[in-house]
Amino acid sequence: MKKFKGNERILHHKLPTRLFHWCLVLSFLPAGFTGLILFFRPLGDAGMNLAMQVHIVGGMVLFIACALFFLLCPGRVIAFWREITTWTDDDYAWMKISGGYIHKLLLLEYEVPPMNKLNSGQKMMGVMVLVGTILLILTGLVLYIALPLVPKEIAFYADRIHLVVGIFLFMCIVGGHIPLGIYNWPEFCSMFGDGTINARYAQEHHPLWTKHEIKETK
Amino acid sequence: MKRYSYEEKGVKISRREFLGFVGVVSAFLWTGAYTMTDLIVDRTKYIKMRTAGLYQDDEKQAKRQSHNNQSLLNMYKSLNFHPMSPLAEELFHTHYVDRSIL
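Respectively, the protein sequence lines represent chains A and B. Numbering-wise (the numbering used here), the first sequence opens with residue 1 and increments by one. Numbering-wise (the numbering used here), the second sequence opens with residue 219 and increments by one.
Chain B with its partners taken away, still in its complex shape:
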């Protein structure tokens, strides 16, 4: 049994309202999708360009290993210590911090 004597009249949607609603939603979705796609395509393009640049730089190098880097070797020589020495450990060693959990 109903516990009320009155209720709201039904909602009538005119054709003009329906078309307007569909038009606005479509325009919104289309513009959003177009913008997002455009941005993602640009982003992918820049990543590829940067990767290509890095590979190009790498190809130009005579020595491609960090442990053979002449600048580093010169530094070790001039400061009179070597990789894995206590001083190198003190200066360069970093500690792992788990940031995967907030």
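Okay, chain A solo, but in the shape it has when bound:
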């Protein structure tokens, strides 16, 4: 176990990761909100048309950001893949107590198993985001660019997959990821700010990560 002297900072998220996350925020949220508008159709013709334009621009930004990140930062993609596909007994123990959030609310005793950079809930979210975003981008491209070219069956299933995956992912992000991200404020500041996190905080929340995955800067 590393012994931190005081308030050292650890670089939690590098600049490309933070920029990518900003792009996701600025593209997925507008696309998600306008997607709901397009589904429920509460506006008139002009409003619906504007919602569709925003939805398309959001989708395009999301696609370009993902493509650039996959091409320019393959190391981070591999690291993310390794993290979300590595499940240990600690993860199952974490899932059994739902990370201790409910126990804390009910003032029950609990012990959270040691986690790596991502906790088990984040890993689950990571799998959903990775698979869901790829599906959304592929089906979105079919619906926007290739609709006159593809057979009816492909267009039909692309539309259904886009709808179901989009609503599911939007609910997970708005209902789970964003509230929990704000609740864990230092992590929120790290992702949206300079990328660093307090070493003591990191040691408490990510003991395996601080033990095995970090090194002193030269």
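Errors might be hidden in some of the hints.
With a Cα cut of at most 25 Å, we get these calculated SDA-like pairs of lysine to any residue [claimed, not checked]:
#1 A:Lys3 <-> A:Lys14
#2 A:Lys14 <-> A:Gly176
#3 B:Lys295 <-> B:Thr312
#4 A:Lys96 <-> A:Ile182
#5 B:Lys266 <-> A:Glu216
#6 B:Lys227 <-> A:Cys189
#7 B:Lys227 <-> A:Glu83
#8 A:Lys14 <-> A:Phe69
#9 A:Lys215 <-> B:Gly228
#10 A:Lys211 <-> B:Lys230
#11 B:Lys227 <-> A:Glu216
#12 B:Lys227 <-> A:Gly6
#13 A:Lys96 <-> A:Gly126
Simulated DEER-style distance windows between Cβ atoms [to be verified]:
#14 B:Asp316 <-> A:Ile182: 42 to 48 Å
#15 B:Ser244 <-> A:Ile97: 38 to 44 Å
#16 A:Tyr183 <-> B:Leu237: 39 to 45 Å
#17 A:Leu15 <-> B:Val240: 24 to 30 Å
#18 A:Leu15 <-> B:Phe236: 21 to 27 Å
#19 B:His300 <-> A:Tyr157: 31 to 37 Å
#20 B:Phe236 <-> A:Leu107: 47 to 53 Å
#21 A:Leu50 <-> B:Gln288: 48 to 54 Å
#22 A:Leu19 <-> B:Leu237: 25 to 31 Å
#23 B:Met267 <-> A:Tyr157: 19 to 25 Å
No lab work stands behind these hints, which were simulated from the structure alone. As the structure is a computational prediction, the values presented were derived from the model and not from experiment. Built from N, CA and C at the ideal position, the CB exists for glycine as well.
Given chain A's structure and the hints, the job is docking chain B onto it.
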């Protein structure tokens, strides 16, 4: 000046991981491209077959103009009105709706 004392170790990718990754991506792209090509070729084939069928039907017809369609002419005659008459206008006229904007 750096504002942090620690950072993450670099990611090392083994040869096995690299080959696995490339293999999965290639298989995914290849299968997807094959399926899409197959579907589009089938679709084009059906469109051509349908077009050929329509032309074949057309060639078999003695009269190939809609305004000379005997069924329509019989209808006009039996109901005692004619094309462009007020009754025909009332029954058959449709209005244009612009659906190009969502």
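Do the hints match the structure? See the list:
no. : hint                              : in the structure
1   : A:Lys3 <-> A:Lys14                : 23 Å, holds
2   : A:Lys14 <-> A:Gly176              : 24 Å, holds
3   : B:Lys295 <-> B:Thr312             : 22 Å, holds
4   : A:Lys96 <-> A:Ile182              : 23 Å, holds
5   : B:Lys266 <-> A:Glu216             : 68 Å, violated
6   : B:Lys227 <-> A:Cys189             : 22 Å, holds
7   : B:Lys227 <-> A:Glu83              : 14 Å, holds
8   : A:Lys14 <-> A:Phe69               : 13 Å, holds
9   : A:Lys215 <-> B:Gly228             : 10 Å, holds
10  : A:Lys211 <-> B:Lys230             : 18 Å, holds
11  : B:Lys227 <-> A:Glu216             : 9 Å, holds
12  : B:Lys227 <-> A:Gly6               : 21 Å, holds
13  : A:Lys96 <-> A:Gly126              : 19 Å, holds
14  : B:Asp316 <-> A:Ile182: 42 to 48 Å : 45 Å, holds
15  : B:Ser244 <-> A:Ile97: 38 to 44 Å  : 41 Å, holds
16  : A:Tyr183 <-> B:Leu237: 39 to 45 Å : 41 Å, holds
17  : A:Leu15 <-> B:Val240: 24 to 30 Å  : 27 Å, holds
18  : A:Leu15 <-> B:Phe236: 21 to 27 Å  : 25 Å, holds
19  : B:His300 <-> A:Tyr157: 31 to 37 Å : 49 Å, violated
20  : B:Phe236 <-> A:Leu107: 47 to 53 Å : 49 Å, holds
21  : A:Leu50 <-> B:Gln288: 48 to 54 Å  : 52 Å, holds
22  : A:Leu19 <-> B:Leu237: 25 to 31 Å  : 30 Å, holds
23  : B:Met267 <-> A:Tyr157: 19 to 25 Å : 24 Å, holds
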